[in-house]
Amino acid sequence: MPILQNAMMAVMKKAIALAPDSFIPGGKPDPLIRHKHGLIGAPISRIDGPLKVSGRATFAAEVPMEGLTYAALKYSSIARGRIVEIDTAAAENAPGVVLVMTYKNAPRLKPMPLFLTKPKAAGGDDVPIMQDDQIHWNGQPVALVLAETQEQADHAQSLIRVIYEAGGDGVTSLEVAKAKGSEPGVFQGETLKLEIEDAEAMLAAAPHKIDVRYTTPRHNHNPIELHAATLAWQGDRLRIHDAVQGVAHVAWTIAQVFGIDEEKVHVTSPYVGGAFGSKNLSQHQVLAAAAAQLAQRPVRIMVSREGVFRIIGGRTITEQRVALGAQADGTLVALIHTGTVAMTPHNNMPEPFIQPAKSAYASRSFLLDVETVKMNMMANTFMRAPGEAVGTFGLESGIDELAHAMGMDPIDLRLKNEPEKDPTTGLPFSQRGIVEAWKAGRERFGWRARRGPGARRDGDWFVGIGCAAGTYPYYRMPGGAARITLSKDGHATIGIAAHEMGMGTSTAQTQIAAERLGLPMDALTFNYADTKLPGVVLAGGSQQTAAIGAAVIAAHHKLVGELLKLAGNDSPLAGLTPDEVGGLDGGLCALDDESRCESYASILSRAKREEVSVEAKAPLPLEFLHWSMHSHSALFCEVRVNAVTGEIRVSRFLGSFDCGRIINSKTAASQFRGGIIMGLGLALMEETQFDERTGRIMNPSLAEYHVPVHLDVPEIDIIWSDEADPHTPMGARGVGEIGITGVGAAVANAVFNATGKRVRDLPITLDKVI
Amino acid sequence: MTPFTYERAIDRQAALALGAGSGAKYLGGGTNLVDLMRETIEHPEVLVDVTGLSCGIEETGDGGLRIGAGAKNTAVAADRRVRERYPLLAQAILAGASAQIRNMATVGGNLLQRTRCGYFYDDAARCNKRETGAGCDAIEGFNRMHAILGASAACVATHPSDMAVALAALDAVATVEGQSGARDIPLVEFHLLPGETPQIETVLKPGELVTAVTLPREGFAGRSTYRKVRDRASYAFALVSVAAALDLEAGTVKAVRLALGGVAHRPWRATAAEDALTGGPATEAAFRAAAEAELAPAQGLRDNAFKIELARRVITDTLVKLAALRETA
Amino acid sequence: MSWTVRLPMMCRPAFQTVSTVQAVASGSLSNTHLIPPSGSSTKPSTDVDVLKIRSPPERIDGTLIHDVARVRCCCCDSHNVVNGIVEVRFGKKSPGIATCNAETRIVVHRHMAYRRRTGKSRSYVVRGTLSQIDEQSSAFSHQLSDRFLRRLQAAQVDTGFDIPAYEMPHQRPGRKMSRRARSIGATTQTPDRAVEYTEPERPGGVDAGTQTLARALLVDSDFWREASMHFVVNGDELELDFDPRTSLLDLLRERLHLFGSKKGCNQGACGACTVLVDGERINSCVALAVQYQDRQITTIEGLGAPGVLHPLQAAFVEHDGFQCGYCTPGQICSAVGMAGELKRGVPSYVSADVAAECFDLTDEELRERMSGNLCRCGAHNGIVDAIQEIFGEAEVEPGKREAA
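From first to last, the protein sequence lines stand for chains A, B and C. Just so we're aligned: 74 in our numbering is position 74 of the first sequence, and the numbers increase by one with no gaps anywhere. Add 770 to a position in the second sequence, counting from 1, and you land on the number used in our numbering. Add 1099 to a position in the third sequence, counting from 1, and you land on the number used in our numbering.
This is chain A alone, in the form it adopts within the complex:
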């Protein structure tokens, strides 16, 4: 959402909320929603599958270039202070070294514009990039070496000697940061503070209540592909083969950093080996481009795994208070979700853990607040379901604790508090099927077999089941635009600067376009991830499909208009408007009379045209200011906890999803599972070890930062309602992040049911249970 002043924003929102539905994008349902038996929802295998499974999909560090040099970074070892001396002589003289770049010889660079300060800003922080002797976090790059081989670069990097002077104002302890005072966080232009009625008073007066504290540690995304880019200057033009979630954003932002015209930067990123929020513009691309400029050589930079921990932010630490007050029948009278997150002086990413509480449950009163404190650390950034992933841990554990305290079934407690409309904004829901998701899920999982805490034992193992709700909002970011080119031979090409990090973008979009145009899938080409294509599309916030969808709807509408014009009066379609026709069997047909058709081939050849090409922008994303739009999930988890060691194994897991219409059932199921598995990591093992004495991450490796391995992952059962949201493109809502939400609580609640032990501090490791 473009940033507006809060006041203007409030007025705008009011206007949008009150406008008639038909004024709002999605006010009229996407006609594709009516297609029941076509490609939408089909389990189509990924069209880039054969390339990926044979190792032929080219990732960012795999593009050959002439005269390539390899980069190695040196990272600071203090959190705050300055470089007193940096000795690069030995490095410069090492074999194969082409350049050693430090603040002394780096070109003039501006800091990155921060995310959301401008439509295409992709900066995670606005720290000066190797421009001076100042150190702002432990891990900040202080030198870059370019050499003919990676081995030579890495070796030369190890020869650089730096003497630091620690700065007095550095803060690396959370307690010290808190003592310096906090500020309410601001996320996407909104202050993360909300009060409805007097929640503390209502809590105090409530007959049943819980008031507990939860904590979640830092996390790192750790996609398996190391952050990397292969880039070269061609005169004053910069060509970057990158691995990013937003090519347009990266091009614009890096252009600002170098003070050049965005047109001079060409970024492509066809395959990204996982991102989860971490792959935008970081210092590695900027420094590599700077070095390439200085050395006049192309550069390949592949950040080491240690480097990824040091210069790519992760999810920050949260401390959450969840206090719930309820009446005897379970009706909530107070919902308090407050707490503290750590940020840096140079970024604007408060982990917005109160987002789920804003719409999950009805309550008489609310007190929601995220306070931020500042520390000197690598700037924290978006990590899969920022806010919801860890906020649901607090909220959904709290609901479970309240249910237990009241002797009420936790699902019944939730259903009791199902809101009729958005409980904090008052907006009507666009479509909300969480109740059905709960009912379907608990039936399928066998929830009725649940016993009291510690009651079930199978040999050495305590067995327990728990549940939790997941939630993720529907977003659509502005900037969507698409080009559609339809040729006489019935082939269509869609072009949009969208991205593929594993979601199956090209497959899903080909299905959608084929369905919309009425063409077979193999008559379509989907071009993406290239700044030469239209659109400013960020693959984040689970909204890329919607963003692309709205853009393609707009472009398709324009295309149909063109085609109808070309068809003219001699066509069976004469006199029809674009809203009255749809694509079918290689041509256009009237929606209410399928006998009135003309094929694309016929229209174009009669018009003596080889092809027709249109480009259009998506309408502004106003729909989620008019409706309250969320996806939901009901999660069920069975754990086995070893009575001797406390080891926790997840033996069964079910996700019951309400995410609108599912575009590709094969890839969507994988996305849901993928999110759940990342949630298992969050629940049971992930923790970035931040040593508060130095502000340094002490487990910067995949050996010491644990993500789930095959043996940790059970069969995960996935069901969904497939009920279309009438107000979104294709009736779909995002599926990329909802999977991780609620999982932490589902596991914690299951562990409680198995053992009677309540763990409120992630990760739930065996020492917290024995």
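Simulated from the structure, these hints should not be mistaken for lab results. Remember, it's a predicted structure, so these values are computed and weren't measured experimentally. Check before you lean on any hint, since a few could be wrong.
Among the chain A residues that face chain C by a calculated CB cut under 8 Å, a handful are [claimed, not checked]: (1) Ala42; (2) Ser45; (3) Val53; (4) Leu226; (5) Arg673; (6) Leu702.
No residue lacks a Cβ here, since even glycine has one placed at the ideal position from N, Cα and C.
For chain A, the structure is supplied; the task is to place chains B and C on it using the hints.
Below, chains B and C without anything else, positioned relative to chain A:
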């Protein structure tokens, strides 16, 4: 990684001659050494590739088994004689790392692998192994994986090998050879506690090459197990691991072997527990008392104090389960 | 004066050769620079250094050579080093090529490129004899190493001699010219241009009717710092030299441009780099390439390609055993290696009886054995389904797995 010369040794003599040079290190599978070289913690000038030397597994003639130090971990764990006569060793090897690493790593390299302590790995941290007298940042830092037994004020690191724990329990003997000849070292004496010199991790003299590990006749095949407790289901280092073997006779412990991993700077042979149990009843109470005796001197740090209770439980439960096994034919 | 080498068109469809090389003779060379085939102890004159020429990407006695290397003679496998000079004798290749013993002339259709630099710096001279060129025999071209070419280019400025206008062969019809070729200003050639070779104008020169084989090479002492080693990658035989610090992974990726094997951690903690060596799975990132000479290395590219996928690759597509695709090559190679281990009866940590004769691929065994391959996208269920379908016993329908 600093530049080095690579030499492939064609036989043991050549290996020892090359290894005698200063700045030379022996190279097995490289799964630990290459990593340490990339971190510039190790920086040999000459790498002497000894894979291909001493790969065989042979009978000793008195019922034991001599395993060449060049044998790959997988080859040892898959060897029929090891699996049938020393299943404890096979299980311990299989508990370590991943299949890919086990396929590459040699027995010698496994013994000589170095600690995973995050402060050892980070040259910005103070570590007495890397730099004598620098200090130890782990003692008041992240020390979940660190020692509860045998540590010192200079170092609280643990030895990460699983195989070595089983070898210690089985009374294996390492044979090493230098230019002045060969010698045998009981496995329990092979690795050192940190004391004041944590940088000295084994009793090997410079240039000495591990050539074999010999298992004695008794493998406790009927009643032994290796149990590894970790923070995820697989592919992680031990929080606590137990190598246990029992020889029972009418409810009495005729012989017992107990060694712990993940708790000390070396595989921890639990002699206090063994002494307490030998000749006594094979009961849960006895097992628990023995575990208590062994862990009495244990000291926890900020993050690893749970290991004491965990070790107590795992020792007890493992022995209880072993005792409950029916005798195999 | 100049030498040009006449070479007939390449017969092999795989290589559409063309090369034009101009060899520059130096007037200071005596007639004996064209050494008649003589005994194996021929000592070239020691005042001349010789530089290795990269051998052709072509099979010589079954050895495919891609890089600067010693070329092994088919029959005597000899390469003598005398005072830093290497002589390589080319052996019997096909009809029309004689053996390389002392009395026989050798036919190798080969480029000759040499120049001589006067002054204090080293001389680079290719010496050798040329044999009768058999028009019907296949000819090959070779690639000159970057370093050699750069030196030649540099030398051009120094000496004013013509530098061979070296053009890279097409390696496959339609294949784009390599960056190396482009970097030396090479251009593409049509396949049917012969390379001219004429005799030098020199009194007492080689019998014009006889074209004798170029035999020697240029040696630059820099080359000898790096070992030159024999590798077999996906069935291709390669001779390579490189920095001994190079991991097998980086050799495959950066050197051979086989980017299918992935770098995810570079410390053996994620398995994305898994390749097969003699059928066994290893982490190529912690493998020093020097240790894997003479072994059969199979990468994901060697298992299958789009259109001819290995059954396991096809199963991964069907069962959606991947999302971003980055860990996928490692998962697939690892699974193939795992299948081999199962066949050989290798137990795992979860095997109930470590001494059993064989092990069933239960879900638990499969997951434990594959735990060395991380996947952050969470494609685990699909990966297990795909592997079960191919290496397990039960049929698995995509998306519908048996309840555990």
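Legend entry - Hint check, A/Ala42 versus chain C [nearest Cβ-Cβ separation less than 8 Å]: Because about 12 Å separates A/Ala42 from the closest Cβ in chain C, which is outside the 8 Å limit, the hint is violated.
Legend entry - Interface restraint verdict for A/Val53 against chain C (beta-carbon cut-off 8 Å): With Cβ-Cβ at 4 Å, under 8 Å, it holds.
Inset, instruction - Mind checking the CB of A/Leu702 against every CB in chain C and telling me if the closest is under 8 Å? - result: 4 Å, holds
Legend entry - Agreement of hint A/Ser45 with chain C interface, Cβ distance less than 8 Å: 5 Å, holds
Inset, instruction - Go through the hint on A/Arg673 and say holds or violated, using the shortest Cβ distance to chain C against 8 Å. - result: 5 Å, holds
Legend entry - chain C contact restraint for A/Leu226 - C-beta distance below 8 Å: 6 Å, holds
Hint compliance for this structure: hint 1 is the single one not met.
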